[in-house]
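Use the sequences and the hints to build the structure in full.
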Amino acid sequence: MEMSPNYHPPKEFAISAKDFSVFYGSFHAVKNVNMDFERGKVTAIIGPSGCGKSTFLRCINRMNDLVENCRTEGLLAFDGIDIYHKRLDVAELRRRIGMVFQRPNPFPKSIYENVAYGVRLKGVRKKAILDEIVENSLRRAALWDEVKDRLSSNALGMSGGQQQRLCIARALAIKPCVLLMDEPCSALDPKSTARIEDLIAELSGEYTIAIVTHNMQQAARVSDNTAFFYEGRLVEFGTTSQIFTNPKNKATNDYITGRFG
Amino acid sequence: MNSHLRKDLERLKLQIMKVAIGVEENVRKSVEALRELSVKKAEEVIEADLEIDKLEVDTEEECLKILALHQPVASDLRFVITVLKINNELEHIGDMAANIAKRVIFLRDAPPAKIPFDIEKMSKQTLSMLKSAIDAFVRYDELKAIKVCEDDEDVDDENRQCYANVKSIISANPDCAMAQINYLLVSKSFERIADLCTNIAEDIIYMKHSVIIRHNLKNAEQKLSGSSLEEAGDWD
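Here the protein sequences come in this chain order: A and B. For what it's worth, my numbering labels the leading residue of the first sequence as 1, then goes sequentially. For what it's worth, my numbering labels the leading residue of the second sequence as 1, then goes sequentially.
Simulated from the structure, these hints should not be mistaken for lab results. In this text, a Cβ means the ideal position worked out from N, Cα and C, and glycines have one as well. Treat the hints with care, since some could be wrong.
[What the hints assert, rightly or not] Among the chain B residues that face chain A by a calculated CB cut under 7 Å, a handful are: (1) N2; (2) Q71; (3) V73; (4) A74; (5) S75; (6) D76; (7) S210.
[Said to hold, decoys possible] Far from chain B, by Cβ distances over 10 Å, these chain A residues were calculated: (8) F27; (9) N34; (10) D36; (11) C70; (12) R95; (13) W144; (14) V147; (15) N154; (16) S159; (17) I174; (18) T239.
So, in structure tokens, the structure goes:
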């Protein structure tokens with residue numbers, strides 16, 4: 001991204017939203033959100049279905065560009081750069097901000113090719129370098145030991161949990177700064193879920209991670225900060241320990257204790 | 001709506017109330033036993049304490065079950081943790097009632113002695129603190145809880161006075177030392193009950209406001225004013 005920052009948040013914040021709104025046609029899906037994602041920390045976004053949490057997350061790497069009638073207002077900045085600036089290179093933004101989705105979506109290619117794909121797009125051709133990046137990424141995603149002997153097998157033959165870790169490895173291969181995770185464990189069994197959660201813990205510090213989850217315990221386990229969204233609004237944002245022991249807002253308390261939602 | 005958790009929390013509240021009622025009743029009876037030097041009542045107190053011990057274990061198991069099965073958070077978590085602590089404190093209060101009863105059995109056989117403290121005053125203060133602490137829990141009433149903490153000082157004064165009296169009575173008449181020591185132990189038991197009531201009150205303030213005021217009551221009101229109280233939870 002060649003653009004110079006046009007907004008200067010404190011350095012400790014990787015992503016900042018200022019009065020940020022999203023509309024689907026006339027429907028105001030995300031309403032005037034103000035929040036900052038701490039650099040190197042895990043931020044969980046929770047809330048009932050339809051509260052705007054996924055919409056908000058997907059805006060961070062412009063996934064909603066393809067949605068018809070979707071428009072935004074206010075500012076969403078990544079390292080001080082307006083994510084919705086007209087001249088922004090969206091492909092470059094997505095290289096910096098990787099994303100992992102609800103269902104693992106590997107390419108119908110070999111395990112190796114899945115990880116090398118984005119790196120090749122960046123222009124890396126040398127096999128030795130590709131090999132190194134593939135191995136490192138698979139190791140970072142805690143998958144290497146399971147797949148090192150079958151790198152040329154089709155990725156679609158892996159288990160769901162492995163596929164999801166492969167998608168994480170694929171995202172890590174192009175060295176992003178931020179990882180967005182939209183319910184990354186909802187299609188996984190408890191053991192695979194635990195592996196992904198361990199992985200999130202390992203990756204935090206190095207990466208800024210934003211995770212949308214319906215699983216409250218998961219938010220409590222993996223995140224440093226938690227944001228509670230309700231009906232498009234950011235109701236409460238605080239450290240995860242504060243939100244889960246002493247939420248200041250009654251709606252937050254009622255939601256996380258299962259009284260509604 | 002997580003109705004399983006709601007039901008279990010309701011049941012836990014009934015369970016801890018059983019412990020509270022049993023303990024309050026036993027402290028009351030130990031005071032009667034002391035006032036009348038009634039061995040029969042003292043023995044009933046000691047007997048009933050065994051039942052309280054069983055209830056305490058049941059309540060603790062219920063808390064652990066809820067923590068393991070539901071992993072409660074926020075106000076629910078604070079409620080379960082508070083019950084876990086109050087349960088333990090109530091059981092200790094029950095032990096103090098049994099201690100008083102054991103002293104009564106000794107004093108019944110000892111030669112009549114001068115009583116080194118005002119039984120009526122001290123027992124009334126202590127029982128009133130216990131009742132207020134339990135009420136404060138039932139009603140989530142932090143003002144009542146703060147009052148309990150403040151009242152502790154009066155019982156401490158009484159106990160200190162008792163100690164001074166016992167010392168001078170024994171100096172004047174060493175033959176009555178045993179009876180005096182037993183009265184001092186009774187006074188100490190009341191003082192412990194008052195301390196435990198204070199702990200319960202502090203737990204209630206934590207449950208309601210997530211503020212730990214232990215060891216520093218003077219700053220409590222300042223701390224409480226800093227926490228948002230009105231919207232902080234559903235306390236039905």
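Hints versus structure:
At a threshold of 7 Å, the smallest CB-CB gap from B:N2 to chain A is about 3 Å, leaving the interface hint in force. Given hint, B:Q71 at the interface with chain A, holds; its Cβ is 6 Å from that chain's nearest Cβ, closer than 7 Å. Interface hint at B:V73: satisfied, since its Cβ lies 5 Å from the closest Cβ of chain A, which is below the 7 Å cut-off. With its C-beta approaching chain A no nearer than about 5 Å, B:A74 sits inside the 7 Å limit, and its interface hint holds.
Given the 7 Å rule on beta carbons, the hint for B:S75 holds: about 5 Å separates it from the nearest Cβ of chain A. Restraint check, B:D76 versus chain A: the minimum CB separation of about 5 Å is within 7 Å; hint holds. Because the smallest distance between the Cβ of B:S210 and any Cβ of chain A comes to about 4 Å, under 7 Å, the interface hint for this residue holds. At roughly 27 Å, the least C-beta separation between A:F27 and chain B is larger than 10 Å, which holds for a residue marked as non-interface.
Here A:N34 stays apart from chain B, with its beta-carbon at least about 19 Å from theirs, past the 10 Å limit. Its beta-carbon lying about 22 Å from the closest one in chain B, A:D36 satisfies the requirement of being farther than 10 Å from that chain. Its beta-carbon lying about 33 Å from the closest one in chain B, A:C70 satisfies the requirement of being farther than 10 Å from that chain. Residue-level check passed: A:R95 sits 37 Å from the nearest beta carbon of chain B, beyond 10 Å.
In this structure A:W144 is separated from chain B by more than 10 Å, as the shortest Cβ-Cβ distance comes to about 33 Å. Once the 10 Å rule is applied to beta carbons, A:V147 is consistent with being away from chain B; the minimum gap is 33 Å. The beta carbon of A:N154 is kept farther than 10 Å from every beta carbon of chain B, the shortest such distance being approximately 39 Å. Every CB of chain B lies more than 10 Å from the CB of A:S159, the least distance being 27 Å, so the non-interface label holds.
Chain B leaves A:I174 outside its interface by the beta-carbon criterion, the shortest separation being 37 Å against a cut-off of 10 Å. With a least beta-carbon separation of about 13 Å from chain B, A:T239 lies farther than 10 Å from that chain, consistent with its non-interface assignment.
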